[in-house]
Amino acid sequence: MSAFQHLDGMTALMSELYEINERILTGDIISAKAAIKSPRMKKLLDHYHEALSEDGAVAIYLDTYEAAGGWVGLTYSYTIQEGFQPDFKVEGSVTPRRV
235 MSAFQHLDGM TALMSELYEI NERILTGDII SAKAAIKSPR MKKLLDHYHE
285 ALSEDGAVAI YLDTYEAAGG WVGLTYSYTI QEGFQPDFKV EGSVTPRRV
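If you count by our numbering, then the sequence shown holds residues 235 to 333, one letter each, in order.
Mixed in with the good hints, there may be bad ones.
To be verified - Calculated pairs, DSS-like style, for lysine-lysine (alpha carbon to alpha carbon, straight line, at most 27 Å):
#1 277 - 323
#2 276 - 323
#3 277 - 267
As the list claims (entries may be wrong) - With beta-carbon atoms standing in for the labels, derived distance ranges:
#4 327 - 284: 18 to 24 Å
#5 260 - 323: 32 to 38 Å
#6 260 - 293: 35 to 41 Å
#7 315 - 264: 15 to 21 Å
#8 311 - 256: 22 to 28 Å
Don't read these hints as lab results, they were simulated from the structure.
Ideal Cβ positions, reconstructed from N, Cα and C, are used throughout, including at glycine.
Please construct the entire structure, taking both the sequences and the accompanying hints into account.
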């Protein structure tokens, strides 16, 4: 049995959010709320929505939220059609940060 691995676009998005949470931790970004409301966050989500689509995902949903502890969290879902019968739906919520 092989382990599940996210699409490259999703892995890259989680890495970007990890870096944003690191910047919140160090004080470079004032708060998760400020990061989420930033026009850069919308551009980031739009970019990775497109990247996931290029990776073969459909029915893509990406949204950020202020997670407990003042971090940026991500709620996501996408469907992979290629090679799966029925389609394989991936969904969840994650707060990529240092523990």
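Hints, verified against the model:
For the suggested pair residue 277 and residue 323, the alpha carbons sit about 24 Å apart, so the restraint of at most 27 Å is met. Annotation: proposed proximity of residue 276 to residue 323 holds, straight-line Cα distance about 24 Å (limit 27 Å). About 16 Å separates the Cα atoms of residue 277 and residue 267, which keeps this hinted pair within 27 Å; it holds. A hinted range of 18 to 24 Å for the beta carbons of residue 327 and residue 284 is consistent with their spacing of about 22 Å.
Between residue 260 and residue 323 the C-beta distance comes to about 36 Å, which sits within the given range of 32 to 38 Å. Range check, residue 260 to residue 293: about 36 Å between beta-carbon atoms, so the 35 to 41 Å window is met. Under the hint 15 to 21 Å, the C-beta atoms of residue 315 and residue 264, about 41 Å apart, miss the expected range. Residue 311 and residue 256 have their C-beta atoms about 25 Å apart, which keeps the hinted 22 to 28 Å range intact.
Of the numbered hints listed earlier, the single one contradicted by the structure is hint 7.
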